[in-house]
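Chemist: My numbering puts the first residue of the sequence shown at 7, with every later residue one more than the last.
Hints are computed from structural coordinates only; laboratory data are not their basis. Glycine residues also receive a C-beta, built at the ideal position from the N, C-alpha and C atoms.
Label pairs and their calculated CB-CB ranges:
no.	residue 1	residue 2	range
1	Trp-104	Thr-10	17 to 23 Å
2	Ala-39	Val-73	37 to 43 Å
3	Trp-104	Val-73	22 to 28 Å
4	Ile-77	Pro-37	36 to 42 Å
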Amino acid sequence: MKYTKIIVGIIMIILAIVIFLQALFTAATNPDASARIFSMTAEIGIAVLYLASGILYLCTFRLDNMVGDSICLGMMILSWIVAMLMFKIYLFLQLWGWLALIIGIGFFVWHLIENRD
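Turn these sequences into a full structure, and let the hints guide you.
Modeler: As structure tokens, this is what we get:
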């Protein structure tokens, strides 16, 4: 599990950069100014939450307690909520929202089962 957290943490940091760049470049294609601002803000917020979760996974990969996974689960649920509220404006947010929820719940449940013994 420790090496998986390192790998997923690095992948989440890379995804945060991809989401941020996507927010900058794809927002310009939307002709509606308010939709462009809302989608860009939501996507940058999700990128920041991905970045924070990735860094937290890298910092807490050696710990056996549930603190890091609980905080990351909260951040990923927040990413999912933001994405589900905004995906009608920009449909690609749905992918990042569901991916965040799967990663957050997956690590939390995995660590919960591993620490149960």
